[in-house]
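Q: Sequence:
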Amino acid sequence: MSNSDKTISFDSIITKLKFSDDGLVPAIAQQHDTGEVLMMAWMNAQAVRETLTTGRVCYFSRSRQSLWRKGESSGQVQTLKKFRIDCDQDTILLLVDQVGVACHTGRRNCFFEEVNSDGEVSIIADVEIDPGDLYKA
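Under numbering that gives the first Met the number 0, the sequence shown has 53 at position 54, and the numbering climbs by one with no breaks.
A hint or two may mislead.
To be verified - Using 30 Å as the maximum straight-line C-alpha spacing, the simulated DSSO-like pairs for lysine-lysine come out as follows:
{"hint": "1", "residue 1": "Lys80", "residue 2": "Lys17"}
{"hint": "2", "residue 1": "Lys17", "residue 2": "Lys81"}
{"hint": "3", "residue 1": "Lys80", "residue 2": "Lys135"}
{"hint": "4", "residue 1": "Lys15", "residue 2": "Lys81"}
{"hint": "5", "residue 1": "Lys80", "residue 2": "Lys15"}
Don't read these hints as lab results, they were simulated from the structure. Just so we're clear, the structure is a prediction, and the values are computed from it rather than from any experiment.
Working from the sequences, and respecting the hints, build out all of it.
A: This is the structure in structure tokens:
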């Protein structure tokens with residue numbers, strides 16, 4: 000498949016997605032070989048296109064209002080293995096190979112708070128890397 004064919008194919012995928020009024024779609028990142036759910040972030044059309052084109056996961060940062068290439072400042076890169084669209088076409092599942100930790104708190108994944116049936120919250124994952132070390136200039 001030529002690059003122009005891929006662009007046309009990627010455009011049809013982007014057209015298929017149901018973005019919010021803000022132009023965003025939720026994306027769940029899951030470790031491809033273990034099934035571990037790593038994080039949830041947002042993607043706009045440009046982030047989807049870049050991810051599909053480069054194979055390196057790119058999100059849209061709502062706080063910075065710009066593209067966020069996962070691992071750009073921390074080195075904790077996500078490489079795309081598979082790109083899945085849910086049945087309503089309004090959520091993306093990214094099967095990735097995560098280098099290092101996925102969470103900005105220094106944990107392997109962002110889902111480290113667990114609420115039990117009594118409503119008590121427990122921290123179920125330790126910090127693996129000091130967040131200050133992740134984002135040194």
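Q: Taking the hints in turn, state whether each one holds.
A: Status of each hint after checking the structure:
no.	hint	verdict
1	Lys80 - Lys17	holds (22 Å)
2	Lys17 - Lys81	holds (19 Å)
3	Lys80 - Lys135	holds (28 Å)
4	Lys15 - Lys81	holds (17 Å)
5	Lys80 - Lys15	holds (20 Å)
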